[in-house]
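Peer 1: Here's the letter readout for the chains.
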Amino acid sequence: MLGDTGAMFLFLLESFGRIFRSWGQFRKIIRQIYFIGVKSVSVITLISLFTGMVIGLQMYYALAKFGADGFLGAAVSLSLVRELGPVLTAIMITGRAGSSMTAEIGVMRISEQVDALRVMDINPIGYLVSPKLAASILCFPILTAFFDLVGILGGYLTGVLLLDGNSGVYWYRISAYLKLSDITGGFIKSLVFGVLVCTVCCYMGYYTHMRRDAVGPEGVSQATTAAVVTSCVLILLSDYILTSLLF
Amino acid sequence: MTKQTTPDILLEGLTIGYGEQAVISGIDAVLPGGKISVILGGSGCGKSTLLKHILKLHPALAGRIVIGGHDLAKLDRRGMHCLRQRMGVLFQDGALLGSLTLGDNVALPLREHTRLSEKDVLERVQAKLGLVGLADFHDYYPNELSGGMRKRAGLARAMVMDPPLLFCDEPTSGLDPVTAAELDQLLLELKRRSDMTLVVVSHDLDSMRTIADHVLVLGEGRVLFQGSLPELEATQDEYLRRFLDRQAADRTTPRLTMPPLDFKVMKRDCSAYLEEE
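Those protein sequences? They're chains A and B, same order as listed.
Using this note's numbering, you'd call the opening residue of the first sequence number 543 and step up by one each time.
Using this note's numbering, you'd call the opening residue of the second sequence number 116 and step up by one each time.
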C-alpha cells in the first residue's frame with residue numbers, strides 16, 4: 543500500500559515533468575482535451591442540471607419551513623460551488639474518461655504496444671500519460687465551472703420558474719453570499735481531483751501486467767474497476783481534507 | 116555518408132527469467148554482426164524471453180549482454196537512448212499502436228527522433244510501406260488489417276530509421292506460405308543491401324533454412340547448439356535431429372489411454388441431431 547503510494551507519486555512526477563518535453567506534446571494534449579473535456583460536456587450538462595434542480599427543490603421546501611426561501615440562491619450556489627460541483631464533476635469524469643484511460647493503457651500494455659514504444663526509445667509515460675495529465679489539469683476546473691453554472695440554472699428552474707420563487711432575490715443572494723474564496727476553493731479541489739484521477743487511472747493501466755489477481759484481458763478489466771473505485775474513494779477522502787483546509 | 120557498423124551481440128553467462136524463476140541459465144553465445152542469426156527452439160523454451168532481455172525490456176538475473184562492445188547493464192541513459200535508436204524491432208503481432216493509422220505508426224520514430232520535414236517523413240514512410248507491399252494502406256488503422264499485414268507494417272516501422280540492428284520475433288508465424296516466403300526474401304534483401312545485423316526468433320524450419328547464417332538453438336533451459344546452418348544440418352545430436360527432421364518423440368506408452376467421452380454425460384442431449392435419418 544505504502545509502496546504503491548510512493549510509486550504512484552513518482553509516476554506523477556515523471557508524467558508531470560514530461561508534459562513540457564517537446565512541441566509534439568501539444569497536439570496530443572489537444573486530442574486529450576477533446577476526449578476528456580469536450581466529450582464530457584453533454585454528460586456534465588445533464589448531471590449538473592438535474593443536481594441543481596433537485597437541490598433547488600429540496601432546499602426550497604426546507605427553507606420555506608423557516609420562512610427563509612429567499613435564501614435559495616445562496617444555498618444552491620454555495621453547495622454546488624464549494625462541494626457538489628467539484629466532487630460530482632470528478633466522479634463523472636472518472637466514470638467516463640478515467641476508466642477508458644486505464645483500459646486504453648492496459649490494453650496497450652498487454653499487447654506489447656508499451657514495449658514497442660520503449661524499444662523505439664519513446665518514453666511511454668511521456669507519450670501516453672503526460673498529455674492526459676495536462677488535459678486533466680485543464681479540463682477538470684473548466685468542467686467544474688460549467689457544472690456549477692448549469693447547476694445554479696437548474697436551481698433557478700425549480701426554485702423560481704416551477705415554485706414561483708422570486709427571481710431577483712435568487713440572483714441577489716448568490717452575488718451577496720458567494721465569495722471569491724468559495725470559487726477558488728472549488729477550483730483548487732477540482733485541480734487536485736484532476737491530478738488524482740488521472741494519476742490513479744493511468745498508473746493502474748500502466749501496471750496492469752503486474753497484477754496478481756488476474757492477467758490478460760481480465761487483468762485490464764480488474765484494473766479498470768480498481769482504478770474507478772480507488773479514484774472515487776480518493777476524491778471523497780481528499781475532498782474532506784481539502785474542505786477542512788480551505789474553508 | 117558514413118557507413119554504419121554492424122555490431123556483434125555477446126551473451127556471457129546469461130541467466131534470464133521472470134522474477135526469481137530462471138527460464139534459461141548461464142548461457143554463453145555470440146550473435147555475429149552483419150549476419151542473420153536465427154534463435155530456434157520449441158514452444159516455451161525461452162526464445163522470446165531471451166529477445167526481450169536483449170532489448171533490455173527485462174533485467175537479466177545474472178551474466179552480461181554486450182551489444183557492439185557496450186554492456187547493457189552498465190550503459191547510462193543516454194547510451195541506451197542511442198542504442199535503442201539504432202535498433203528496429205518487429206514484435207510477434209506487430210504491436211502497432213491501435214489509435215494511429217498505419218502511416219502514423221511507421222512515421223512515429225521519425226517524428227520523435229529526427230528533424231525531418233513532414234514531406235520527407237511521408238516520403239520515407241511511403242517507401243517503407245511500399246517495401247512491405249502496403250503502400251496503398253497508409254490511412255488504414257491496424258484493426259482494419261489482417262494479422263499478416265499488421266506484421267508487415269510492424270516490419271516497415273522497425274526499418275524506418277534504417278537501423279543497423281533488426282530484431283524480429285516470429286516474423287513468419289501465422290502467415291500463409293507465400294507471404295512467409297516473401298518476408299524471408301525481404302529480410303535477405305535487407306541484409307544484402309544494408310549489411311545489417313538481424314536476429315530472428317523463430318520455430319519455422321523452412322524460414323530458418325532460407326535466411327539463417329548463424330543458428331542458436333535453445334532447449335531445456337540452455338543452448339543446445341550454436342554455429343552455422345551447414346553445421347546444424349550435419350549434427351548427429353538426437354534431439355536436434357528429431358527437431359530438424361520434424362519427428363515426434365518415441366513413446367513406449369500409448370498416448371491415448373482415456374476412453375472416448377460418453378455422450379450420456381453431456382448436459383444437453385444432441386443425439387437426435389447426430390443420428391442419420
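Do not rely on the hints blindly, as some may be mistaken.
Unchecked claim - Listed next, the stretches of chain A that the computed footprint assigns to chain B, with coverage defined by at least 3 CB atoms under 8 Å from CB atoms of chain B:
#1 661–671
#2 702–710
What the hints assert, rightly or not - If you only want the chain B side, here are some residues facing chain A, beta carbon under 10 Å, derived:
#3 191
#4 197
#5 209
#6 214
#7 223
#8 375
#9 379
#10 380
#11 381
In short, the hints are calculated from the structure, not lab data.
All residues carry an ideal CB built from backbone N, CA and C; glycine is no exception.
Peer 1: With reference to the structure, classify each hint as holding or not holding.
Peer 2: Cross-check of the supplied hints:
1. 661–671: holds (count 4)
2. 702–710: violated (count 0)
3. 191: violated, 14 Å
4. 197: holds, 9 Å
5. 209: holds, 9 Å
6. 214: The hint holds - residue 214 of chain B has a Cβ within 10 Å of chain A, the shortest such distance being about 8 Å.
7. 223: Constraint on residue 223 of chain B satisfied, holds at 7 Å.
8. 375: Status violated, d = 32 Å.
9. 379: violated, 34 Å
10. 380: With a minimum Cβ separation of about 29 Å from chain A (threshold 10 Å), the hint on residue 380 of chain B is violated.
11. 381: violated, 28 Å
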